[in-house]
Amino acid sequence: MTRPERATALDSVPIQRDANLLLTHPRKMAELGVHWYALVSPLGKVFYSEGEALHLFGCSNEELVGRLIYDLLTGVLAEAPLVVPRYPTASLCRTLRGRLLLMRWFPSGGRSRHVLGLGTELVEDPELLSAIAADAHLLSRALSDVPQQRSSGPQDEMIAVSPLMRQVREWVRKVGAVSSPVLILGETGVGKEVVARAIHRHSPRCRAPFVRVNCGAIPESLFESALFGYERGAFTGAERGGKAGYLQAAEGGTLFLDEIGELPLSLQVKLLHVLQDRTFTRVGGTEPIRADVRIITATNRDLAAMVREGRFREDLYYRLNVLPIEVPPLRERPEDIAPLVELFLERFARLHGRRKRFSEAAMAALKTYPWPGNVRQLEHLVERLVVLVEQPVIHLSDLPQEFQNGLAGRSGLLTQQSEGQPVVVQGLVPLRDAVRLVEEQLLLLASRLYATTQEMGQALGVSHSTVVRKLKKYTGANRKRRF
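Residue numbering for the sequence shown follows full-length UniProt numbering, beginning at 1 and increasing consecutively.
Where hints are given, some of them may not hold.
Across the chosen pairs, the derived CB separations fall in these ranges [as the list claims (entries may be wrong)]:
#, residue 1, residue 2, range
1, Glu383, Gly284, 29 to 37 Å
2, Glu63, Glu220, 37 to 45 Å
3, Arg469, Glu170, 43 to 51 Å
4, Asn321, Glu170, 13 to 21 Å
5, Glu170, Glu309, 30 to 38 Å
6, Pro392, Pro204, 27 to 35 Å
7, Pro392, Glu170, 47 to 55 Å
8, Lys472, Tyr70, 23 to 31 Å
9, Glu383, Asp315, 22 to 30 Å
10, Glu52, Gln167, 25 to 33 Å
Hints in this document: simulated from the structure, not taken from any laboratory. Beta carbons: idealized from backbone N, C-alpha and C, even for Gly.
Please model the complete structure; the sequences and the hints are all you need to start from.
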């Protein structure tokens, strides 16, 4: 990237003293105590790197471009939402070569929503690191006092077009104003974390950290030290000076415990103690630490049934279930599918540099699919199609074969027992969408059965010119048939 290109790309970065000075005078890095800085895209991809990359990462700045920031830095960054943060923040991170960096993150105030990260290498001094780890939130809070323009964009808000999701959004607004525990319920992939982040954004704690913990991804033997932290010498292999846990990382903000149903019984009583007394003790420690956090939990499990079976503590269940919010599955809110698709198309256009759109028939097919994997499945499908489809328009024939089979066998929109029998409609959809869907499916089937458009027209009872026109409409004027 040339200097002029870089200056243009960084126009949207907030005017902070160090950041602005670096952008105009890159040679002042040493004077500002900055050893490395990078510009990161909204999805975490590095697209500009400057500084001591070889020393810190073992590779050149050019080799860092295109890499994900999560793969380059470990530590608090891997737990907290520091890519596209809503306010300037700071974190302790380690590089690929084990170098310790104090990273300061400055969010963009413009439409690009990029993030500028400034890294300062720290000396491995146990007392210094312990003090920084204990009080890191103070630096983030100090940085958050810097006036800035708050960015807004599609990733900042829930998609709530359907009546069901509009109700969820209203609940989010109400519960965001208080600090009581929230339990988010819903099937896998419905967007429970999106709701949790929305609650955090609508709360008085919005300028403090939001820390997500996947209770099902941490081994039981490590969970206590990960959640509460540990003191120096607490166990073999412990870091010198101890380590702060997730509770301290979320100080003043929100701790989101995802998959709470996977929390072992042995740790449920300790979480209950935090909720009751608002204090906790590090592993190997004796002094209680004040817990100034709001706890939001989420699960796709039936916690009430787990309580009856003795697999989840009843007292903890009632403590967590103060403000329950149930996120409906995607199949119950088809009105949200089109705006979700637009959101994902825009996201992957930025990520992959490939701008696409869906044909009307393809969109109609998406609206009638049952989506057993919910929003996550839809997101993955859109990314797959953005990457694999060459032409700018994604047609019904571009959908994966198993997806088309799913339309026929699972959506229940239209079924036909045998040839010559009437089509049975088993679900209501807009008539125009149904007509487009059936018309394109008939054309696809005829294309597989007949070699020429004349034969297709005879089978469908329409003229040759009508078949040609419809094929152009549904499969693209300049596409070769792929049947």
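Right, here's what the structure says about each hint:
The given range of 29 to 37 Å is broken by glutamate 383 and glycine 284, whose C-beta atoms sit roughly 44 Å from each other. As the Cβ distance of glutamate 63 to glutamate 220 is approximately 38 Å, the hint placing it in 37 to 45 Å holds. For the hinted restraint 43 to 51 Å between arginine 469 and glutamate 170, the CB-CB distance of approximately 46 Å keeps it satisfied. A C-beta distance of roughly 19 Å is found between asparagine 321 and glutamate 170, which places it inside the suggested range of 13 to 21 Å.
Checked against the hint of 30 to 38 Å, the pair glutamate 170 and glutamate 309 passes, with Cβ atoms roughly 34 Å apart. Checking the proposed 27 to 35 Å range against proline 392 and proline 204 shows it is violated: the Cβ atoms sit about 45 Å from each other. The hint said 47 to 55 Å for the Cβ distance between proline 392 and glutamate 170, and at roughly 38 Å that hint is violated. For lysine 472 and tyrosine 70, the Cβ-Cβ distance of about 44 Å falls outside the hinted range of 23 to 31 Å, so the restraint is violated.
Against the hinted window of 22 to 30 Å, the Cβ-Cβ separation of glutamate 383 and aspartate 315 comes to about 42 Å, which falls outside the hint. A hinted range of 25 to 33 Å is violated for the C-beta pair glutamate 52 and glutamine 167, which are about 52 Å apart.
The structure is inconsistent with the numbered hints 1, 6, 7, 8, 9 and 10, although it conforms to all the rest.
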